[in-house]
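A.B. asks: These are the residues of each chain, in order.
There are 2 protein chains.
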Amino acid sequence: MRCEVVAIGTELLLGQIVDSNSAWIGEQLALSGIDSFHQVKVGDNHRRIVDSLKLALSRSEAVICCGGLGPTQDDITREAIAEVMGVALVRDAAMGERIRQMFESRGRTMPENNLRQAKLPAGARFIAEMPGTAPGLVCPIGQQVIYAVPGVPSEMRAMMRGTILPDLRTRSGETSIIRSRVLRTWGQSESGLAEMLAPHMAGLDESGRATLAFQASGIEGIKVRITVKAPDEATAKTLLEAEDRVVAGILGKYVFGRDQQTMESVVLEGLRQRGLTLALAESATGGHIGLRLSARDEAEGVFLGGLILADGRLQTRLLGVKESDFPNPETTAALAEAVRAHTGADIGLSTCAVDDRKEVPGVRPGTVFIGIATAAGANTERVQLPGDDRARIREYAVISALNALRQRVLA
Amino acid sequence: MRCEVVAIGTELLLGQIVDSNSAWIGEQLALSGIDSFHQVKVGDNHRRIVDSLKLALSRSEAVICCGGLGPTQDDITREAIAEVMGVALVRDAAMGERIRQMFESRGRTMPENNLRQAKLPAGARFIAEMPGTAPGLVCPIGQQVIYAVPGVPSEMRAMMRGTILPDLRTRSGETSIIRSRVLRTWGQSESGLAEMLAPHMAGLDESGRATLAFQASGIEGIKVRITVKAPDEATAKTLLEAEDRVVAGILGKYVFGRDQQTMESVVLEGLRQRGLTLALAESATGGHIGLRLSARDEAEGVFLGGLILADGRLQTRLLGVKESDFPNPETTAALAEAVRAHTGADIGLSTCAVDDRKEVPGVRPGTVFIGIATAAGANTERVQLPGDDRARIREYAVISALNALRQRVLA
Chain A
177 MRCEVVAIGT ELLLGQIVDS NSAWIGEQLA LSGIDSFHQV KVGDNHRRIV
227 DSLKLALSRS EAVICCGGLG PTQDDITREA IAEVMGVALV RDAAMGERIR
277 QMFESRGRTM PENNLRQAKL PAGARFIAEM PGTAPGLVCP IGQQVIYAVP
327 GVPSEMRAMM RGTILPDLRT RSGETSIIRS RVLRTWGQSE SGLAEMLAPH
377 MAGLDESGRA TLAFQASGIE GIKVRITVKA PDEATAKTLL EAEDRVVAGI
427 LGKYVFGRDQ QTMESVVLEG LRQRGLTLAL AESATGGHIG LRLSARDEAE
477 GVFLGGLILA DGRLQTRLLG VKESDFPNPE TTAALAEAVR AHTGADIGLS
527 TCAVDDRKEV PGVRPGTVFI GIATAAGANT ERVQLPGDDR ARIREYAVIS
577 ALNALRQRVL A
Chain B
177 MRCEVVAIGT ELLLGQIVDS NSAWIGEQLA LSGIDSFHQV KVGDNHRRIV
227 DSLKLALSRS EAVICCGGLG PTQDDITREA IAEVMGVALV RDAAMGERIR
277 QMFESRGRTM PENNLRQAKL PAGARFIAEM PGTAPGLVCP IGQQVIYAVP
327 GVPSEMRAMM RGTILPDLRT RSGETSIIRS RVLRTWGQSE SGLAEMLAPH
377 MAGLDESGRA TLAFQASGIE GIKVRITVKA PDEATAKTLL EAEDRVVAGI
427 LGKYVFGRDQ QTMESVVLEG LRQRGLTLAL AESATGGHIG LRLSARDEAE
477 GVFLGGLILA DGRLQTRLLG VKESDFPNPE TTAALAEAVR AHTGADIGLS
527 TCAVDDRKEV PGVRPGTVFI GIATAAGANT ERVQLPGDDR ARIREYAVIS
577 ALNALRQRVL A
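Chains A and B, in that order, are what the protein sequence lines are. With the first sequence counted from 1, adding 176 to any position gets you my numbering. With the second sequence counted from 1, adding 176 to any position gets you my numbering.
This is chain A alone, in the form it adopts within the complex:
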């Protein structure tokens, strides 16, 4: 089974947007055991879209078109597919009504243009998932098929997962299944993890019972993906769990979670289990830790909130902590203690950092101080991060602070 990807949009050719959708789709196809030998980008030009689709259908059984489903005149994917199918576009009254209601529910009037989105080639059907106002399409052509999805990544992904990948697997007659699990790690480099796992991976290569892949994900740490192929779900689960135990055993403290777990979900869940509440004093991180924690459902009743200390004067005014000439361990611990006292939280967490804007004697840029205050007292950890990029220092400070909290309070 072969499936090509046709990304549609002049902005892609002009480099105004990087086409990351095709890469994601390619990865999902590979995980489903479907070959993808060609991926192309083409602009908003009817003739060239039609030619690209015909070429793709001459080489592959299925084609996924991404983009060009919007409401404006340069969104012409629908028209191009209709020409390739040799049919007319028809308007679907129910879809028109649905789009109109989506606008109304947001208190807005639907521009008439949006009714273009309620059209589809005769013989095609809409994709059930529809997170935005652009419906996706399944367009059968004999034994072949063209799918059309919007270029908005979240909408595209929902349609891929809910409709297209299952449909492709049914068409391909693939019966074995591929399943994977991700171990989330923090605190060790990709090559460091690879060295730790090298002897085990040599054995895996021989037996073929699973594969391991590393994915460096910046502030999300390094993901270790375990993939197995099995005749059924139960066997896949058994294989995954056995492999998980071995790999997690080798990597030890670096593993903080699995799959959808994040550093903050793990921290919040751990605090909840222990009946602890948390408050923040964010100097280095400017609200970023608060943002990540409060975005999670697990935050309710556990994360109380805290202070963003962008300007040094605020820590004195709101917390009574004297302003210091430069970030240091003592002030960081005092901030954690003060925010704990002022908010009544069980734990206070604070961040201060030295970046390249101000020279601090004896401290390198990229040094982050993390203060943790509990009923047992307050202290400060120090981590050294890549020093020359302020945005990166901040991002790494966020996850380092949460990791420090995890290792201190939840160990």
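The set of hints was computed from the structure by calculation and includes no laboratory data. Mixed in with the good hints there might be a few duds.
Just so you know, same-sequence chains aren't split out, so a pair can sit in one copy or run between any two.
[Said to hold, decoys possible] Once the Cα atoms are required to be at most 25 angstroms apart in a straight line, the calculated SDA-like pairs of lysine to any residue come out as:
| no. | residue 1 | residue 2 |
| --- | --- | --- |
| 1 | Lys534 | Glu280 |
| 2 | Lys405 | Thr248 |
| 3 | Lys399 | Ser196 |
| 4 | Lys399 | Asn289 |
| 5 | Lys413 | Leu190 |
| 6 | Lys399 | Arg292 |
| 7 | Lys534 | Phe279 |
| 8 | Lys399 | Val194 |
| 9 | Lys399 | Phe279 |
| 10 | Lys429 | Glu288 |
| 11 | Lys534 | Arg472 |
| 12 | Lys295 | Gly368 |
Just so it is clear, the structure is predicted and the values come from calculations on it, not from any experiment.
Based on these hints, arrange chain B on the given structure of chain A.
C.D. replies: Same frame as chain A, but now just chain B:
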């Protein structure tokens, strides 16, 4: 003059790497006035690379191959180009020696494999720029040409700038240049903007003096890109500025900035010019506004910081604002006023929202209250956002709050 891009590498199709090279090349071609109507990705397969190159040469005068020039057995771009040219690969002794010396100058011995990189199709020449160990190629085929560059972005860019773009411009006889400018907008949908601009765009289509394109960018708003073609920089600038005035005049308050400006840079710059300081009370947005503001250099001395109010108890404890049963305009205004008073800032900005976790009589999920307190008093604006996705409500609340501040204080 048309030029296609063929990105070579199985890892691109599998989504292990996102092909950002093609986007960059596409942008450079556009800026040089060279059309690029197709960009394709193909794996490390001889037959399919050859077919892709032949197809590209059937549609365009020039082709840029990116990737597959390394020293290993799966780097087969050289062989594929030789087949398309109908010539043999020959080894260049001087290049072999140059690569050997590059290794020696780094204190390493050249693996014999690397001599593969000293080969080129008969009739081709090496590209002068060579920042790594992989030489690039210029391969003439009659009046057409195939260029080959490595996939390493820095090496590819040096060869593009130094050799390929100048060569293409000479071949095309193109003397005009293309320049563009982006107007940043917030508060109107893509189709709404398109409707506002429709009469003007019809006139542009006729005159051809500029083109307009829309780019929906989620929380970053919708970008309106103006592009002009001109014989020289001065004329391009004049054309851009004239078009900017017309488009900005039509779109009015929806335009908040241009090119690299962001909503927060515009707000911070405006506050600085007026000598005003700002503090936040973030309930709905959990630190997200603080994060965005404090990430900017312009924040210094303008943005003081503020409070993250995740749990309702904190607003009473830290700001003395009585907890209410549910988010409402009065409490939101009181929070803005209180954070202004407690921090000593000139302006207090607060956010409260109703999401789908708690039913509030008479208020739909997705309703966000934005409180703004100044020396003149406090009041609350209300915006209705897409209601069913909490993460989206938050993100839209952030930019809506900053936009409200922009319109209120900086107008």
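A.B. asks: If a hint holds in the structure, say so; if it doesn't, say that too.
C.D. replies: We went through each hint and held it up to the structure:
1. Lys534 x Glu280: Answer is between; shortest inter-copy Cα gap is 22 angstroms, intra-copy 52 angstroms.
2. Lys405 x Thr248: between (43 angstroms within a copy, 24 angstroms between copies)
3. Lys399 x Ser196: both (19 angstroms within a copy, 19 angstroms between copies)
4. Lys399 x Asn289: Classified as between: cross-chain Cα gap 19 angstroms, same-chain 43 angstroms, threshold 25 angstroms.
5. Lys413 x Leu190: Result: close only across copies, 20 angstroms inter versus 42 angstroms intra.
6. Lys399 x Arg292: between (42 angstroms within a copy, 22 angstroms between copies)
7. Lys534 x Phe279: between (50 angstroms within a copy, 23 angstroms between copies)
8. Lys399 x Val194: Classified as both; 23 angstroms inside a copy, 16 angstroms across copies.
9. Lys399 x Phe279: Cα proximity of Lys399 and Phe279: across copies only (21 angstroms, versus 39 angstroms in one copy).
10. Lys429 x Glu288: between (57 angstroms within a copy, 23 angstroms between copies)
11. Lys534 x Arg472: between (35 angstroms within a copy, 16 angstroms between copies)
12. Lys295 x Gly368: For Lys295 and Gly368, only the inter-copy Cα distance (20 angstroms) is at most 25 angstroms; the intra-copy one is 53 angstroms.
When each numbered hint is compared with the structure, no violation occurs for any of them.
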